[in-house]
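K.L.:
Residue-level listing of the chains:
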Amino acid sequence: MSAQDDRPLLVAEGLSKHYGPHLGCADVSLDIHEGEVVAVVGESGSGKSTLLGLLSTQLLPSAGSVRYRMRDGEERDLFALGEAERRFLLRTDWGFVHQDARLGLRMGVSAGGNVGERLMATGWRHYGRIRAEAEQWLERVEIARDRIDDRPDTFSGGMRQRLQIAKNMVTRPRLIFMDEPTGGLDVSVQARLLDLIRSFVGDYGLAAVIVTHDLAVARLLSHRIVVMRHGRVIETGLTDQVLDDPREPYTQLLVASILQA
Amino acid sequence: MSLDREMIRLDAVTKTFVMHLRGGARLPVVNNVAFAVRGGECVVLGGPSGTGKSSILKMIYGNYRADGGRIDINGPTGWVDIARAVPRAVLTLRQSTIGYVSQFLRVIPRIGALDIVASSAREIGLDEPAARAKAASLLERLNVPERLWHLPPATFSGGEQQRINIARGFAAERPILLLDEPTASLDGANRAAVVELIEARKRAGAALLGIFHDEDVRDRVADRVIDVTKFAPEASAR
Chain A
1 MSAQDDRPLL VAEGLSKHYG PHLGCADVSL DIHEGEVVAV VGESGSGKST LLGLLSTQLL
61 PSAGSVRYRM RDGEERDLFA LGEAERRFLL RTDWGFVHQD ARLGLRMGVS AGGNVGERLM
121 ATGWRHYGRI RAEAEQWLER VEIARDRIDD RPDTFSGGMR QRLQIAKNMV TRPRLIFMDE
181 PTGGLDVSVQ ARLLDLIRSF VGDYGLAAVI VTHDLAVARL LSHRIVVMRH GRVIETGLTD
241 QVLDDPREPY TQLLVASILQ A
Chain B
1 MSLDREMIRL DAVTKTFVMH LRGGARLPVV NNVAFAVRGG ECVVLGGPSG TGKSSILKMI
61 YGNYRADGGR IDINGPTGWV DIARAVPRAV LTLRQSTIGY VSQFLRVIPR IGALDIVASS
121 AREIGLDEPA ARAKAASLLE RLNVPERLWH LPPATFSGGE QQRINIARGF AAERPILLLD
181 EPTASLDGAN RAAVVELIEA RKRAGAALLG IFHDEDVRDR VADRVIDVTK FAPEASAR
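Protein chains in written order, with this note's numbering: chain A, 1 to 261; chain B, 1 to 238.
Each hint should be verified, as a subset may be incorrect.
Unchecked claim - Listed next, the stretches of chain A that the computed footprint assigns to chain B, with coverage defined by at least 3 CB atoms under 8 angstroms from CB atoms of chain B: (1) 18 to 28; (2) 220 to 229; (3) 236 to 242; (4) 248 to 255.
Unchecked claim - Some chain A residues near chain B, calculated using beta-carbon distances under 10 angstroms: (5) H33; (6) E36; (7) D245.
Calculated from the structure, these hints are not laboratory results.
Cβ atoms here follow ideal geometry from the backbone N, Cα and C, with glycine treated the same way.
All chains, please: the whole structure from these sequences, using the hints.
P.N.:
The following block contains the structure:
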């Protein structure tokens, strides 16, 4: 982990979200430092996707706050940002990899266009340079250069996920949110994607919040684990500690339920 | 790293597993563990299986939680009690100070053997060429055939995987090295290679703490043997 700045990158305090009478998540506090990968695990309905939505400002909390240290070092309350500032943050300093690539990509726009879009949002104007940069990132995520003009709806599931990653990485974000990034992929395709995520996190000192129900994915990618159940964080700690010495009954059940190949 | 300086210090360490899937059954593992390990020595945890030797190593690495007591580690910025340290502090210590060779290699999909070992050497700051050179020399010493170096170890035999694991543990030279039965599935030549690697780390001033069931290896590397049965939880607690 790199530690250019000892202050956390993101600090969430007392985050709660109610959907009418239904509880999304309750009283979650969490720090994320630069270069730190945090896995949020739990079963469907545990509140992990709600938490990801709140941290990434896609949802408004019923209570609580999220502060973020911007690139200029200033800490800002994310829910007090103006819409233009928030959008700029989302398109530059942050990335978001969705389980459903259709939420993260524009399916009717070429692969190169999908990657170039984020560069244009940060002020790139020269077509040749944008295309060259897009080509480089496609190559880095192992998509052949000659697919640059093809639309992602002609891509396989694994390629779409890798394109989402290229699209996010092109602006060198410091924090990336991932919602079940390997969900629904064949295992060999999944291994390739995990390898790619792992190397990007290591090479670029990315911080990441990864929501997954797959404890093997959490073990491979994350430094820390947050276990959620019924909207609450029930256990948290070093990834290998939580998985090898789980303390809470529910965490013990989750760990005991892993299939061994 | 300096000889004779205390590097690991355990005091009143206790560990009990609570098995919630077995109706909350309590399984006391160790009680009142206290000992220290100095730079330049190899201390061996002795005693029959099931007496908590491996659990003690795992608590020192921060892999298992201690329920009570202190586990002080002499890190680059002073002593840190790993039993109370926040996750980031534990990771920092693992990066800078504590190496660990487990019994089994945890394979990473798609990554070749040489790269696995080299990435460990890079963790302590070696550049890519130096890390690869170090990895290659360790794989050679441990008799891993060169044709395997670029293959992911998932399909290797148990012994081959264990040698990759050992190479990985020795590639990053840290002031503390924990060894959990590193020679369990090795033949004589490779056991001898591991003994040499351990002796080299001792001479360099590292503090080594290990579990060795093989008596021959134990006799050759151990400066002291700590009988773990003296840390057995009292009969009344069982």
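K.L.:
Against each hint, give a clear statement of whether it holds in the structure.
P.N.:
The hints, checked one at a time:
1. 18 to 28: With 0 residues in contact (Cβ-Cβ under 8 angstroms with chain B), the coverage given for the stretch 18 to 28 of chain A is violated.
2. 220 to 229: holds (count 3)
3. 236 to 242: holds (count 4)
4. 248 to 255: holds (count 4)
5. H33: Holds, because the Cβ-Cβ distance from H33/A to chain B comes to roughly 6 angstroms (cut-off 10 angstroms).
6. E36: This interface hint holds because 7 angstroms falls under the 10 angstroms limit.
7. D245: With a minimum Cβ separation of about 4 angstroms from chain B (threshold 10 angstroms), the hint on D245/A holds.
Of the numbered hints stated above, the single one contradicted by the structure is hint 1.
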